[in-house]
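Chemist: Protein chains in written order, with this note's numbering: chain A, 99 to 249; chain B, 76 to 501; chain C, 752 to 1618.
Treat the hints loosely; a few may be bogus.
Computed list of chain B residues with no C-beta within reach of chain C, every gap over 10 Å [as the list claims (entries may be wrong)]:
| id | residue |
| --- | --- |
| 1 | His341 |
| 2 | Cys371 |
| 3 | Pro379 |
| 4 | Gln449 |
No more than 25 Å apart at the CA atoms, straight line, and that leaves these computed lysine to any residue pairs for SDA-like [stated by the list, open to error]:
| id | chain 1 | residue 1 | chain 2 | residue 2 |
| --- | --- | --- | --- | --- |
| 5 | B | Lys171 | A | Asp235 |
| 6 | B | Lys490 | A | Glu186 |
| 7 | C | Lys831 | B | Leu472 |
| 8 | A | Lys111 | B | Arg257 |
| 9 | B | Lys264 | C | Gln776 |
| 10 | C | Lys934 | B | Arg257 |
It is worth saying that the hints were derived from the structure and are not from the lab.
Just so you know, even glycine gets a beta-carbon here, dropped at the ideal spot from N, CA and C.
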Amino acid sequence: MDIFEEIRALTEKYPDRRGALLPALYIAQEDAGWLSQEALERVSSALNLPQATVKGVATFYSMYKHRPMGRHLIQLCTNVACMIMGAESLVDFLKGKYGLEPGGTTGDGRFSLVIMECIGACDRAPAMLVDTDFHSDLTEGNIVEILEEYE
Amino acid sequence: MEKFLLKNIENPASASLEVYLKVGGYESLNKALQMEPADIIAEVKAAGLRGRGGAGFPTGMKWDFASRDVKFPKYLICNADEGEPGTFKDRPILEKNPHLLIEGMVISAHALKSEMGYIYLRGEYPYAKIVLEKAIEEAYATGYLGDNIAGKGVGFHLSVHQGAGAYICGEETALIDSIEGRRGQPRIKPPFPVNVGAWGMPTIVNNVETLANIPLIVSIGAEKYAAIGNPECPGPKLFSVSCCVERPGVYELPMGTTLREIIYDHAGGVRGGRELKAVIPGGISTPVLTPDGIDCPMDFVNLPKRGSMLGSGAVMVFDDTVCLVKVCWRAMRFFEHESCGKCTPCREGTGWMRDILERIEGGFGREGDIELLQDIALSITGKTFCPLGDGAAGVVLGFIKNFSDEFMYHITNKKCMVNKDSQSAG
Amino acid sequence: MIKVTIDGRDVELENPVTVLEAAKQAGIIIPTLCYFEGLTPFGGCRLCLVEVEKLPKLQTSCTLMTADGMVVRTETDQIKAARRSVLEFLLINHPLDCPFCDKAGECDLQDLVARYGPEAGRFAEGKRRHPESFDDPIIVRNMERCVLCTRCVRMCNDLQASYSISVTGRGSHSFVEPFSGGKYNCEYCGNCLTVCPVGAIMSRLHRHTYRPWFVEKEIETVCGFCGVGCSMVLQMRENSIIRAIPRAEVGFNKGLLCVRGRFGYEYVESEAQLTTPLMRVDGELKQVSWEEAITFIARRLKEIKDAFGGRAIGAIASGRCTNEDNYMLQKFIRFVIGSNNIDSSARNYYAPAETYLESIFGQGITANLISGIANSDGVLVVGGDPTAINPILGLQIRASWRSGGKVIALGAPGGLKRFVAYELMPTPYSEEIVLSAIVGRLLKGKALSGENTAVEAKLRSLRIPSDEDMEVTGISPEDIARASDDLAGMATSVVVIGPDIIQRERASKNLFLLGAIAYLINARIFLLSERPNYQGVMDMGCLPDFLPGGRPVELEMFRHKIEDALGMKAPEDRGLTLFEMINEAETGGLKALYVMGENPLFNIPDSARVKKALGNLELLVVQDIHLTETAGIADVVLPATAWPEKEGTFTNLERRVQRVRKARRGKLASYGRDDWKIIADIAERFGMTRKYHRVEDVWEEIMHVSALHAGLGYEDIADGKAVWPYSGEPLRGMEGDFSVEGLEDLPHVQDSEKPYLMIERSLYHSGTFSRRSKALLSIYPEPYLMINPVLSERLGLAEGEKARISNERGVLELKVKLNKDVPDGQVLLSNTFEGFGAMGLIGFSTGPVIGSLYIRDNTVRVEKVLV
Ligand SMILES: Cc1cc2nc3c(=O)[nH]c(=O)nc-3n(C[C@H](O)[C@H](O)[C@H](O)COP(=O)(O)O)c2cc1C
Ligand code: SF4
Ligand code: FES
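Excised from the complex, chain A in its bound form:
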């Protein structure tokens, strides 16, 4: 489906077109996994907003990606609670196991890893999001099992 139309439809929810910018960026990002210049151009023309303005907004929020991402995005929390509960060793583990550096993507394009600030799961730390799925109480043991579910 054309994201242009989808974005246009969003504007219904807001008193002006600009209100739909954040959700529109999500739609564009979902389409290609990241926000290329072309994607930003699409959003800007769908909402009739200046391109520079769209870029300014898109780069302010950390969940919009400006580089191509792997097929699956691992968003691992390392904030205080997760850190205390061992998130750092998980980062090292992912490096060893998949060659996955924070901010990087595996060679086969399967995973990208992004380090997150608190994702509100401190009671079940350490925790991560894989795409939109939430996983908690992670250990070096179960993280592999979880990730292997994602092709």
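The hints should help you fit chains B and C with the ligands onto chain A, whose structure is shown.
Modeler: For chains B and C with the ligands alone, kept in the frame of chain A given last:
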């Protein structure tokens, strides 16, 4: 205490309208729709409800300001950005009891004569988005949302607006900028959102938990509500307890429950029976307390007296295996990452402090670093555009004040006092 | 009344203002960085912190409003310490490359650190690194130096409304960037340069050659590019302009300039500037002395006058020359030679349109203040893009939009694209039908006021198009209804008229319709002016039918008055217009033509025909600064001084008379001469006795002769606040009846297989002048054929490929540029580049009623050039 905010959440289908209705859901709304808007506001005022988002501003007073403004439309925004590290208290409401929030919002909207509302939901809660959107759909289908709610001629429309990873968007004016599709940076106040908010119109921003308290106030009345917990800031309160305790989780307890009770009676005490070393009572932005502070009642009145704040009620418990220099460094990394960049002291100061903390933690601290950190923190305090910068400075000042020996140890011995063989900041 | 105490001084305020502003009124300057007058307050830098009694924290004075009884302190130890710490924070990531930075000496950060410290920073970690960006030809961006005050972004978004830059990223990773991350691709107004407090955004024109202390003198003058007439300051070193900058305190443009004004000035330093008179000897132009040239011209003019009478001689005045220059040319031709054959390229559209509208509504109907547009609640734009033709006027339209005004444009909105309420894109040449329909709708159910009976009588017989008639326009009756109702709902509206709607076969009808709309909705009318002094040309009487002061030549009463004042006689019947002169030259009726600062061979359509006509003349004199196309075929060429080389006045489109001041000497001081002086010199050979020593002497005569300028001395003009009529006689009233073409019918709009060639009026160029400006060329370096993607697809022509356009007038081959804003059925070409002027492929006639140029036979065949 009987649970209200988290009532019924053990039921796996608690999020459904069907289950919610079974346990008396939307009865408060039906009652509120018989009431005059001004009377609801008076009731909320009399109940003494204070905002659960962190600042503790009296909700009734905010509503009163907003209702005095005669510009329309008015927007009602639920702040579900829950970004304060250590905080996960709104999440069970959002994911398991969404109709309570919707009911609270519809009542509030009726009281405030608002016809349009948004739930500003943090991007990190994709599941909550699904739940909320489904609940909203159900509410529309059964007439609890729409142009003629419960047939009473009251109209309110609600939708979810998803944030995208910016802690500062929890601050209400930045949140409004974000809803408008802008870079979420705080706005100059005054004018306050209650007069000039989203799209220039009067806007009321309340936390999830605050709004979820509204049905209770309507249902039991101000008087009974005011009798729950500390009379100066009454009501049930959600506490998120995390880190080194046996049973981390969200606890619904009366406001004013002491830290000791929370940690030991409810969360099962320090994990493995270890020694308590430090507690952050209200989320990472609130100054750390030493164990001798844990008899302090957790509320908006008593914690400030002890040099900290209730914040979002996120209790982070550290035992003797935790390196506090490292915690302080990690907290600062968070602030640096989340500083919106609008004002100089926060934008530049957080990074500088993180640099220094990183050095100290990694075993490269220098003499004078502690004084320098304090000086930077004081240069930030009171000079930033919004409280984020103050929070960052307060954290450093709090850790240094209470645990300066640990910082000194790192600097002089070039290693950690707790994990003596580890040197790296990771 | 609000009373506040600042540093012990009591300040009384009429209205609540910020503490910063109140302090300024009390003479106390609070240091600031992110604050900039005219921009929306930001409050981010935290330098302007002050202490306010009863408030626990320090407050930013740039955002805090004063309240009665407030007690403020602005320089306590606590505040000084706070400022020092803010500056220390700012220096963390600042490169401290001051010796290498062009901003040194006028850098706010440098000045503030000098005042508050710190003497030494304690930051010992790694600084942010970011390479300088040289992606742009005229702007260089150095984000290491940026202090994130966001002044540039607020300027770009809020005042220029170009929205080309934005802060990207967050926190300490924030950068100011254009969308591309590299090249700006913006309007290149350079207003961001004005506001950048440090050396983060700078001009490349004088990179590493400019230091503020190199400036030897600053000359306040008026821009020479368009009819808005922005004030600017030329900063001079030796004989060179090193920078053209606006000053917020001077001029109504309040610190804003457009790309041409700010960067275009260096055409005057072009190698191509003429330095010596040239005369045609054996078919070739040879260098001669002034004496030789002047004697020759005087002798030939005399001979021609004696043989054929004064009416065989004509002159073309210039919208680029000063009032004084034009006045002198007019005086010479009219009173010395005895011919009313004087006109200018204002005939293309500006002069006939103004004259016609004045005949309907009275003199001065188009004289309205530009700054007023911002306060209007609605703007109708027809006939051209104001943001390209008159950029600073265009900004006022954007400002009106910002404060809620509705902008409606008929045709391609150009730089107003983002601001128009909706698109109204009529098919080529169908505007007349659309305007008639709008008038029809406005008339519906509205009682006429009876104020202007002539207009109302004509409105009654106007043919209102039916829905069927509308079909050819491509605009639906619903759109007409919406636009008309929007117009009817405006309380303080503006109608902006550009050249394209006037250069039409039935110009009078179009103008009448626009005038009628303005009449019905009570709008003020603005006529866009491509040249800095079209208005002055008219006011000075460089028109075949009007004397100085806009008095009709054929009315004895007026003529006598001026004749008496001068003690000289003028012919009593009207002279030839520019086009009539060309016709007469073609048929042999006109023998000599004196051209001052104009290039008819390039600037009038059908260049080949014009060239032939001018070739027929017995004498063609061209006075200019470059060897233009016209100068190339002249018998005598006289080098004149350029805009920053002379003194005088321009009159802008709102009738503001402003001083042009001399900043530099001409290329070879002994050669180039002021236009008015050259002409006075020739006139003296004819026995003109009045001597003029200085340009003021010319002005004094103008003051004396022109009813519009009576009592307006140079000293009154000096501050740029003089708008005519200054004092003295009243404006002319309406002249009774007027005629309108085709009131009762509708034009026959025909579909053309081939696209119409239209003139691109680019923001980056201005006639043939700008082709000598390196800066403007770096943005727009060569001629392009602008085509829209639909056509490009049809012809298989990609961006950058070569197209051949042709018709019976000629053939051009040039690169194609894709532009989705080019309307269907049209291609655009500028009239700027030598050998590639659009006018060469366009035919023309003149409208019977108002005598303006109308463009015809302008379809072209477009093909891809195969290589
Ligand atoms: C930096 C910062 C972050 C904040 N984050 C949140 C948040 O995540 N959720 C929230 O409800 N309030 C947050 N707040 C508080 C809001 O600004 C605002 O006070 C609150 O939403 C008001 O609702 P309440 O009165 O119901 O508490 C934050 C404030 C600041 C200064
Ligand atoms: S303190 Fe300043 S930079 Fe930090 S988040 Fe608030 S406004 Fe932004
Ligand atoms: S000038 Fe006031 S905060 Fe920058």
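Chemist: State for each hint whether it applies.
Modeler: Cross-check of the supplied hints:
Histidine 341 of chain B, annotated as away from the interface, keeps every beta carbon of chain C farther than 10 Å; the closest lies near 36 Å. Residue placement check: cysteine 371 of chain B keeps its beta carbon more than 10 Å from all beta carbons of chain C (closest about 24 Å). At roughly 14 Å from the closest C-beta of chain C, the C-beta of proline 379 of chain B stays outside 10 Å, upholding its exclusion from the interface. The claim that glutamine 449 of chain B lies off the interface holds: its Cβ sits roughly 12 Å from the closest Cβ of chain C, which is beyond the 10 Å cut-off.
With a C-alpha separation of about 20 Å, the suggested pair lysine 171 of chain B and aspartate 235 of chain A falls inside the 25 Å cut-off, and the hint holds. Restraint check for lysine 490 of chain B and glutamate 186 of chain A: the C-alpha separation of about 18 Å stays at or below 25 Å, so the hint holds. The straight-line distance between the Cα atoms of lysine 831 of chain C and leucine 472 of chain B is roughly 22 Å, inside the 25 Å bound, and the hint therefore holds. Taken as a hint, the lysine 111 of chain A and arginine 257 of chain B pair is honoured in the structure, with Cα atoms around 16 Å apart against an allowance of 25 Å.
Pair hint lysine 264 of chain B plus glutamine 776 of chain C holds up; C-alpha atoms about 24 Å apart against a cutoff of 25 Å. Under the criterion of a C-alpha separation no larger than 25 Å, the hint pairing lysine 934 of chain C with arginine 257 of chain B is consistent with the structure, at around 23 Å.
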